[in-house]
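Asker: Sequence:
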Amino acid sequence: MTRRIVAIVAIFMMALPVMAKEMKIGYIDSEAILNQYPDYQEAQRKLAEEEQKYVAEAQAKELVVTTMMDEIQQQSLMLSAEARAEREQKLDEKRRELEQFRVDTWGEGGKLYTKNLELSRPILEKINQAIEKISQQDGYDMVFDAAGGNIVFALPQHDITDLIVAELKKE
1 MTRRIVAIVA IFMMALPVMA KEMKIGYIDS EAILNQYPDY QEAQRKLAEE
51 EQKYVAEAQA KELVVTTMMD EIQQQSLMLS AEARAEREQK LDEKRRELEQ
101 FRVDTWGEGG KLYTKNLELS RPILEKINQA IEKISQQDGY DMVFDAAGGN
151 IVFALPQHDI TDLIVAELKK E
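Per this note's numbering: the sequence shown = residues 1 to 171.
Rather than coming from a laboratory, the hints here were simulated on the basis of the structure. These numbers come from a predicted model, not from an experiment. By construction, the Cβ of each residue, glycine as well, lies at the ideal position given by its N, Cα and C atoms. No false leads were mixed into what you were given.
Capping the alpha-carbon separation at 25 Å, the derived lysine-lysine pairs in BS3-like fashion look like this:
1. Lys115 x Lys126
2. Lys115 x Lys46
3. Lys111 x Lys46
4. Lys126 x Lys169
5. Lys46 x Lys170
6. Lys111 x Lys94
7. Lys133 x Lys170
8. Lys94 x Lys61
9. Lys111 x Lys126
10. Lys111 x Lys53
11. Lys169 x Lys46
12. Lys90 x Lys61
13. Lys61 x Lys46
14. Lys61 x Lys115
15. Lys94 x Lys53
16. Lys133 x Lys24
17. Lys61 x Lys111
18. Lys115 x Lys53
19. Lys169 x Lys133
20. Lys126 x Lys170
21. Lys24 x Lys126
22. Lys126 x Lys46
Derived CB-CB ranges, DEER-like:
23. Gln136 x Glu99: 48 to 56 Å
24. Ala85 x Gln52: 35 to 43 Å
25. Gln157 x Glu125: 21 to 29 Å
26. Asn128 x Lys24: 17 to 25 Å
27. Gln157 x Gln136: 16 to 24 Å
28. Lys111 x Asp162: 32 to 40 Å
29. Phe144 x Gln89: 53 to 61 Å
30. Gly107 x Lys170: 36 to 44 Å
Between the sequences and the hints, there should be enough to build the whole structure, so can you do that?
Answerer: Encoded structure:
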């Protein structure tokens with residue numbers, strides 16, 4: 001019985017190299033793809049415009065805070081303690097509003113983050129679809145992204161970035 005099991009295992013082990021196929025691996029440079037993709041450039045332009053609006057709004061709020069501070073300092077001798085406390089309370093409120101605006105706009109999950117996701121999600125989906133199409137069409141088992149610098153060495157013939165860019169241009 002033991003001989004039979006050993007024989008079966010031996011036959012199976014000899015057949016493994018025949019059954020195994022060579023893996024085909026490629027890589028892309030996602031930064032290069034994005035930089036060559038007009039839809040991405042347009043999305044970046046829209047995001048920059050949106051950010052400029054928020055910067056202008058933040059600057060206006062900062063100006064209000066600065067003006068209020070200057071007024072309090074200039075009129076400090078003429079104001080009663082009650083009037084001064086009231087103005088300082090309003091100033092603190094404006095400072096909190098400014099800080100909240102900054103957090104809501106530039107903070108994690110803020111308006112710009114949300115806008116970036118909204119603009120980039122369809123673009124990244126198109127790029128991923130192109131990668132999947134080329135990978136399946138050309139028989140790639142795995143495709144890595146070299147943009148992060150995680151690939152130490154790869155032959156240039158395994159770079160399919162140009163194929164992905166060409167596929168995206170077909171649209």
